[in-house]
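For reference, the chains in residue letters:
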Amino acid sequence: MAEGRAFGVLGLFSDPALLLAAVPKLRARGLGRVQAYTPYPVHGLGEALGLRRSPLGGMVLVMGLLGTATAFLFQWWMNSVDYPLFTGGKDPSSWQAFVPIMFEVTVLFATFTAGLGMLVLLNKLPAFWHPFLDSEASRAATRDRFALAIEAEGEVFDAAAAEAALMVVGAGSIEVLPGLPPPRRVPLETLLGLAAGGAVACCLAGAAMYWGVKLFPVLPPMSHMLAQPRLDAQQRGRRAPAEGSVARGRLPYPFEKPEQARGLGNPLPRTEEVLRLGRKVFAHNCLICHGPLADGTPILTAAYGGRPANLQSRKYLGLSDGEIYHTIMKGENAMPRLGDGFTEDERWAVIHYIRALQRAQHAKDGDL
Amino acid sequence: MTLAMTALGGLAAAATFFVCGPQRFWANWLVWMLMLLSAGLGALFLTALEHLTGARWSVPLRRSAERVSGLLVPACAAAVLALFALPVLYPWAGPEAAHHPLIAAKAGWLNVPFFAARALACAALWLVSWRVFAGGSLRQDRSRDAALSERARRYAPFFMVVMGLTTLVVAFDWVSSLSPEWYSDVIGVYLFAGSFLAGLAAVTLTVGHLKERGRLTELRFDHVYSLGAWLFAFTVFWSYIAFAQYLLMWYADLPEEVFWYAQRSRGAWRGVSLALGLLHFVIPFFALLPRDAKGDLRRLRWVAALVLGAHFLDLYWLVFPVLGARPPFSWPELGFAGFFIGVSLLWMRRALRQGADMPVGDPGLAEGLAFKL
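First to last, the protein sequences are chains F and Z.
In this text, residue positions in the first sequence follow this note's numbering: the first is 1149, and each later residue adds one.
In this text, residue positions in the second sequence follow this note's numbering: the first is 2, and each later residue adds one.
Keep in mind that the hints were calculated from the coordinates and are not lab data.
Sample of chain Z residues facing chain F (criterion: CB under 7 Å; computed from the structure): (1) 248; (2) 251; (3) 373.
In silico negatives: residues of chain Z with every beta carbon more than 10 Å from chain F: (4) 5; (5) 7; (6) 16; (7) 104; (8) 118; (9) 136; (10) 163; (11) 213; (12) 314.
Glycine included, C-beta positions come from ideal geometry on N, C-alpha and C.
Please model the entire structure based on the sequences and the hints provided.
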């Protein structure tokens, strides 16, 4: 950059019509970039200045569609892959339920792109200083005058010629804007650093929340859900299905006493896949009371003061698969009936998994 | 040509009654009655909205809207004749209705004399409103009397109430009572959205036609763009309402509500429902999204034609499932389309000869012509 080169030359007009008339004449001279500073938007000024079409529309479209896709994939993965929750008997992957969120996220992405894109990408903000701000004319041009500037473009700028040209088209209060201090912008590295720091903080917070809820469901503040008065008004545990109803794909359970179920055998093979399913069901439903090792000493004991069954004790080691199945279906003591929430396979798979836990705690020499 | 189409279509429509039975005849009749009605009412709403809000941008377009609103006259005639469809199409008007507890409970509203009285009252209110807005505007062409604008301005708020209530009556009576056990609170808003959209599309086609003939030369990008923006906005609004109704019923899954959607999501009707979403939302939405599309009258005319077609599909989708599980589309439907499109074109051709192409007597016209975005 040439030392001491002016930023541009600026003149004031009292009327937007005069300003509009002057723009094409100045642009035809080719002395520099013609720029206008007006207190309010002047109709036709954009066309007169030859402003290019803003690329914002395309950016907003792309980001909006990205928002739609993000919201869809997000919900689809959570609701039908990672943790399917059946609500109102609907398939958890029903697209209908995703639409309101897809709409919201589309709007969110699109408006953020529009706002930030306009401010940061197109108007180069944040910038704390601009040569125009130090000029005398900037006061008038934010009040009731209309300013036109011829701004330096490239290496060569003839300030005297620009002044003359502005005078010819009828501008008053002509002044030269000094080009001394370069515009102080926030360096790109700082912005990138801030963005990266924010992203890392978001990831950490998300991970902390995710694992926190997963590992310590009954520590404060997660346990506050248990402290609400509403919980007792409803039923603890799962709600019993309506009298006489049978869920689709399930069979009614005929037995009332554990002895009746004693003879039931586990129909599932003890494969890795079955054990993995059992571990998932156990982790989501049983672990909270019976503990990760099924020994009845979980985190929950402290919070509730109850004493869940130690499935590693002699009594439970001696139960048959059918009797465990009966407990899952009917509940026992403080344990609610949980079976209605599981498929047949899930019930038997979790029994396999409990057996595996028991065997792991009472391993014989031969197992090693 | 138009005359031949109308005559041929009328012949096919009449033949439908004897060949395919009265049910199919009256279902077609009802759809086309609603088609004309919604376009006319939508255009009248645009006119009234301008008077109500003191809008200026739409003054140069208003004569086109007033001309389209003239379709209310054939629509009202068709509605009066459609009263003969009551015992054929509407289960509550049949003899077995008394044995159905849900329908019998609604007999206070759904009975033939009250229904006919409501239909006639609506028709009278529409025709009076049409006379006040369109007739007053035509008189102003000659008299240049600013008091006529003032009269329209004072009548406009009253018309908004009339519009709201009569749209609701049309939705409850002519549309939802086809399945009298079914109910939806939002069906009136749904029909209003479709109706305003149809009115806007018909106005766009009229303006495009006039512009092509070298009339309306003072109309600029800014006016056309605003019309396109209305079309775009109401494409989205219709979709929002349509999906809101669907989502709530799908979620609640109550037997007395959801059967209506079940009828429309099985077999061939599923395809019609998907096509409705595509033609009434996806395609017009993306076609109108770019800035250039909203301001370019030639592109806008294509979209307007598509929107009118989609609106027909919407009405067909509302009415025809009561006939059965298979959506019928054959020569009777084409005949009815020919007849009613022909009647509308003949009616519009007559209207286009009356008065100037812009409300030349309106004191706001100069301001409207100078409108800039």
